[in-house]
Amino acid sequence: MNTTTQLLRFITAGSVDDGKSTLIGRLLHDSKSIFEDQFSAISKTSEKRGMAAVDLSLLTDGLQAEREQGITIDVAYRYFATPKRKFIIGDTPGHEQYTRNMVTAASTANLVVILIDARKGVLTQTRRHTYLASLVGVPHIVLAVNKMDMVDYAQARFDEIVAEYKAFAAQLNLHDVTFIPLSALNGDMVVDRGDNLDWYQGPALLELLENIEIEHDVNTSDFRFPVQWVCRPQSEKYHDFRGFAGRIEAGEVSVGDEVTVLPSGRTTTVKQIVTYDGNLQTAFAPQSVTLTLADEIDISRGDMLVRSSAHPPQVEKEFEATLCWLSEAPLDKNRKYLVKHTTRTAKALFQRLDYRVDVNTLQQHAADKLQMNEIARVSIKTQQALVFDRYDIDRATGSFIVIDEATNNTVAAGMIA
Amino acid sequence: MKLVENNLSKHTFTHLDALESESIHIMREVAAECKNPALLFSGGKDSIVMLRLAEKAFRPAKFPFPLVHIDTEHNFPEVIATRDKLAKDLGERLIVRSLEDSIARGTIVIKDESKPRNPFQSVTLLETIAEFGFDACMGGARRDEEKARAKERIFSFRDEFGQWDPKNQRPELWDTYNTRVHAGENIRVFPISNWTETDIWEYIGREKLHIPSIYFAHEREVIRRGGNVIPVSHLVQPKPGEKVEIATVRFRTVGDMTCTAPVESAARTVDEIIAETATTRITERGATRMDDQTSDASMELRKKEGYF
Ligand SMILES: Nc1nc2c(ncn2[C@@H]2O[C@H](COP(=O)(O)OP(=O)(O)O)[C@@H](O)[C@H]2O)c(=O)[nH]1
Numbered sequence: 001m002n003t004t005t006q007l008l009r010f011i012t013a014g015s016v017d018d019g020k021s022t023l024i025g026r027l028l029h030d031s032k033s034i035f036e037d038q039f040s041a042i043s044k045t046s047e048k049r050g051m052a053a054v055d056l057s058l059l060t061d062g063l064q065a066e067r068e069q070g071i072t073i074d075v076a077y078r079y080f081a082t083p084k085r086k087f088i089i090g091d092t093p094g095h096e097q098y099t100r101n102m103v104t105a106a107s108t109a110n111l112v113v114i115l116i117d118a119r120k121g122v123l124t125q126t127r128r129h130t131y132l133a134s135l136v137g138v139p140h141i142v143l144a145v146n147k148m149d150m151v152d153y154a155q156a157r158f159d160e161i162v163a164e165y166k167a168f169a170a171q172l173n174l175h176d177v178t179f180i181p182l183s184a185l186n187g188d189m190v191v192d193r194g195d196n197l198d199w200y201q202g203p204a205l206l207e208l209l210e211n212i213e214i215e216h217d218v219n220t221s222d223f224r225f226p227v228q229w230v231c232r233p234q235s236e237k238y239h240d241f242r243g244f245a246g247r248i249e250a251g252e253v254s255v256g257d258e259v260t261v262l263p264s265g266r267t268t269t270v271k272q273i274v275t276y277d278g279n280l281q282t283a284f285a286p287q288s289v290t291l292t293l294a295d296e297i298d299i300s301r302g303d304m305l306v307r308s309s310a311h312p313p314q315v316e317k318e319f320e321a322t323l324c325w326l327s328e329a330p331l332d333k334n335r336k337y338l339v340k341h342t343t344r345t346a347k348a349l350f351q352r353l354d355y356r357v358d359v360n361t362l363q364q365h366a367a368d369k370l371q372m373n374e375i376a377r378v379s380i381k382t383q384q385a386l387v388f389d390r391y392d393i394d395r396a397t398g399s400f401i402v403i404d405e406a407t408n409n410t411v412a413a414g415m416i417a
Numbered sequence: 001m002k003l004v005e006n007n008l009s010k011h012t013f014t015h016l017d018a019l020e021s022e023s024i025h026i027m028r029e030v031a032a033e034c035k036n037p038a039l040l041f042s043g044g045k046d047s048i049v050m051l052r053l054a055e056k057a058f059r060p061a062k063f064p065f066p067l068v069h070i071d072t073e074h075n076f077p078e079v080i081a082t083r084d085k086l087a088k089d090l091g092e093r094l095i096v097r098s099l100e101d102s103i104a105r106g107t108i109v110i111k112d113e114s115k116p117r118n119p120f121q122s123v124t125l126l127e128t129i130a131e132f133g134f135d136a137c138m139g140g141a142r143r144d145e146e147k148a149r150a151k152e153r154i155f156s157f158r159d160e161f162g163q164w165d166p167k168n169q170r171p172e173l174w175d176t177y178n179t180r181v182h183a184g185e186n187i188r189v190f191p192i193s194n195w196t197e198t199d200i201w202e203y204i205g206r207e208k209l210h211i212p213s214i215y216f217a218h219e220r221e222v223i224r225r226g227g228n229v230i231p232v233s234h235l236v237q238p239k240p241g242e243k244v245e246i247a248t249v250r251f252r253t254v255g256d257m258t259c260t261a262p263v264e265s266a267a268r269t270v271d272e273i274i275a276e277t278a279t280t281r282i283t284e285r286g287a288t289r290m291d292d293q294t295s296d297a298s299m300e301l302r303k304k305e306g307y308f
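Keeping their order, the protein sequence lines are chains A and B.
Each residue of the first sequence is one higher than the last, beginning at 1 in the working numbering.
Each residue of the second sequence is one higher than the last, beginning at 1 in the working numbering.
This is chain A alone, in the form it adopts within the complex:
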C-alpha cells in the first residue's frame, strides 16, 4: 500500500434477497480481502447446509441471534483495501422496519450502493432507500442492477430500469448517480468486468469505488471549528498555554486569520496551530488540531470558531429540522429532550410537528405522533442557542442527535433545514 491511499466509506442498501451479502462477499473475495480461515469457515457452513458452491453471503453474517433468525438485524462494518483506497463498508439490512439502520450507516458514508434485482426493477424499497440517501445527504449514489444473469444480461432491461429510476429520482435532490449492471453471483462488473456485459461502457463497481472523487464531499470553504476540549497544561513550561482543541469540520484556517467566537460574537486572531508533530501554518478539515488565540477571551467547549470573512453560520434557539425517530418509545411533545449538536448539548422542546413524510411515496401527511422509523419536519426550541449551518450546506454543523434523559438512549437523528 502506498502512502497516499485514501479512505472511502460506503454502504449497501437493498431489499432482502437482492444480493447485498453476495455482492459484499464478491467484492471481498475478488479483491483478495478474504482470509483463509474465514473462507474455510464459510465453506464448511455452506457444505453443512447442502449448497453446491461456497455461499459468499455468509461472510457478512454477524451475531449469534441473527444466525439463529437467519437475518441481519443491525449495522456491521467491514474493511478492505486495494492499493488505491481503503474501504469501510457499512452493511445495512434491507428489512422493512429498519429505516433507522440505514440512516445510521448513511450518516458517515461518502457513497451508497443501492441494489436492484434486475427481474423486479424499481420497487418501493428502491424509492425508500434513495429518499433516505438523499435525506442524509450521501454525496454519491450507485444504482447496482444485480442478477443480470437472470435476464440474459439484456441491455434493454437495464435501460428500462435506468429510465424508470431517473423518472422517479428527478423529484429528489441527488448530485451524482451512476448506474452499473452486474451479477454478484457470477462476478460480472463487480471487481472484474467479465464477458457477459460487453455492451456496458462504464466502470465496474470496484473501479468506480477506487476512483470516484471525494475531496469535495466536505464543505471546503467556510471554516468551522467546534471547541471540544480546552488544553491547559498547568506545567511550568506551558504556564500560560491555553489551547482550544477540536477537529476542523469544514474549511481551513491559517495563522493570523481573524476568527469569530460564536455564540458570543467576539473576534480575535489565530496565534498558533499546535499539533504533536509541530506547529502548522495552515490546517484544514478534517484535521484535529489545537488553536491558540491572540486575545484572552472566554471560550469553552460547545463554542464554535469560524472565519470572520466567510459566510456566517446561524446562531439560534429556534429552528426547523427533519427528524428521523429511532426509538421504540414515540416522541412525546410534552417532554424535554437533550439535543447534542457538534460539541454542545442543550435541553430541547419539540414544539410543532409540521408534517410527516411517507418514505415510500414521499408524500407529506399531517402528523401529531412520531414513531420509530418515521420521518417528520419539526420545529425545535433549545435552551441555549446553537451555532449551525443548514444540513445541505454542511453535514457536520447541520446535524444533531436527540437523547432521552430518562434512559440516556439516542432516540432521533436530526438534520437542520
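What the hints contain is simulated information worked out from the structure, not anything from laboratory work.
The model shown is predicted, which means the values in this text are computed figures rather than measured ones.
One or more hints might be untrue.
Stated by the list, open to error - Calculated from the model, a selection of chain A residues having no Cβ within reach of chain B, i.e. all distances over 12 Å: (1) T124; (2) D277; (3) T343; (4) T410.
As the list claims (entries may be wrong) - Ranges of calculated distance between the beta carbons of each label pair, as one might list FRET restraints: (5) A:V16 to B:L209: 58 to 68 Å; (6) B:E272 to A:K237: 48 to 58 Å; (7) B:L235 to A:E296: 51 to 61 Å; (8) A:K369 to B:D159: 44 to 54 Å; (9) B:F161 to A:E296: 24 to 34 Å.
Stated by the list, open to error - Partial list, computed: chain B residues near chain A (C-beta under 8 Å): (10) S21; (11) A31; (12) S233.
All C-beta atoms in this analysis are idealised placements derived from N, C-alpha and C, irrespective of residue type, glycine included.
Using the hints, position chain B with the ligand against chain A.
Using the frame of chain A, we list chain B with the ligand on its own:
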C-alpha cells in the same frame, strides 16, 4: 517558535491521517464528557498506538485519565517491560490490577494454572472499574478482529453488570457520540474501531513507535500441539512425548502466554511485517488466539459477560 510545513494537503490526506484524526476526536470527546475515564493499556501494539494517539490528542497537557492494566500474570515479560517503560517515559499514571488480587479475594477460582486466564479478565476489570468509579474505559479493540466486533459501536454501552446487549445498542450517527450513562453504568470506548491490522502496522512504522521485541522474528522454544505452535514458558511445559523445537517466530498479538501462538516468520522490521501482513491469508485472531477458536460465537459470549 518554528513552524512546520503542513505537508499534508487536501490531496494527500491519507487513510492513516483520516483514521488518526477520527481517533483523536473520539478521545477528546471522552475527556470532555466523561467524569472519570481510563485508558486500558496492556503494552501490546494496539494499545501502544492508542498512547501515541492520546499524546496527539492532549499534548502539551498531561492525559486527562490514568492508564490501567488488568494483568493476568500470564503476560510475556517483554510486554510488561514495555508497558512500564512507556508509562514512565510519558510521565503518565499507570494503575495495575492483577488477577491474583481477585484470586486472593476469592472472586476468581482457578482450577488449572496452565489454562488461559482471559475468561477471568472481565472479573478483575469490573472490580477495578468499581474501585476507581470509572465511567468510561477506552480500549484498543478493532472491528476487523472478529465477526462479533464488526457490529460493536465506538461508544459501547454496558449495564451495571458490565454486560453488553447486542440488541440494545445505541445507534451511532455522524461523529456525534452519546456518552451519557447513569451512575454505576459504564461505557467502553474504542477509538481505533475503524483501523485494520495493516493500518496499525503502517502507523507503527510511520510514527516509529517502540513495541515489544517479540513482535519481530526471533528464535524461541516451541512445541506443536493440536495444529498450533505454542511457546514454551514456565506455564507451558512439554507433555510426555512432545518435542521442544527452536523455531523462528514472531507474535501477531501478545496476550496470555498459554494461548497466544506465534507465527513462523522471518520479518525483523516493521516494513517486513507490513509486507508479510499484506500477503497473509489468516486473520490475526484466527492465527494466534486459541481461545477464540472453540466456537464460532465464543467472542460474542465473552463480550456479553463483560470481557472487553
Ligand atoms: N442469479 C443470481 N443470483 C444471485 C445474484 N446475487 C445474489 N443472488 C442470490 O440471491 C439470493 C439472495 O442473496 P443474498 O446475498 O443473501 O441477499 P441479501 O438478502 O440482499 O443479502 C441468494 O440465493 C444468492 O445466491 C446474482 O447476481 N445472480
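Here's how the hints hold up against the structure:
1. For T124 (chain A), the condition that its CB be more than 12 Å from all CB atoms of chain B holds, with the nearest at approximately 23 Å.
2. A beta-carbon of chain B comes within 12 Å of the beta-carbon of D277 (chain A); the shortest separation is about 7 Å.
3. Not every CB of chain B is more than 12 Å from the CB of T343 (chain A) (nearest about 7 Å), against its label as outside the interface.
4. A cut-off of 12 Å between C-beta atoms contradicts the statement that T410 (chain A) is not in contact with chain B; the least separation is 5 Å.
5. The hinted window of 58 to 68 Å between V16 (chain A) and L209 (chain B) is violated, with their beta carbons roughly 45 Å apart.
6. Range check, E272 (chain B) to K237 (chain A): about 39 Å between beta-carbon atoms, so the 48 to 58 Å window is missed.
7. Roughly 58 Å separates the CB atoms of L235 (chain B) and E296 (chain A), a value that falls within the hinted 51 to 61 Å.
8. Here the CB-CB span from K369 (chain A) to D159 (chain B) is close to 30 Å, at odds with the stated 44 to 54 Å.
9. Checked against the hint of 24 to 34 Å, the C-beta distance between F161 (chain B) and E296 (chain A) comes to roughly 47 Å, which is inconsistent with it.
10. For the restraint placing S21 (chain B) at the interface with chain A, the shortest Cβ-Cβ distance is roughly 4 Å, inside the 8 Å limit, so the hint holds.
11. Because the beta carbon of A31 (chain B) sits about 6 Å from the nearest beta carbon in chain A, less than 8 Å, this interface hint is met.
12. Because the beta carbon of S233 (chain B) sits about 25 Å from the nearest beta carbon in chain A, more than 8 Å, this interface hint is broken.
Hint violations for this structure: numbers 2, 3, 4, 5, 6, 8, 9, 12, all remaining hints satisfied.
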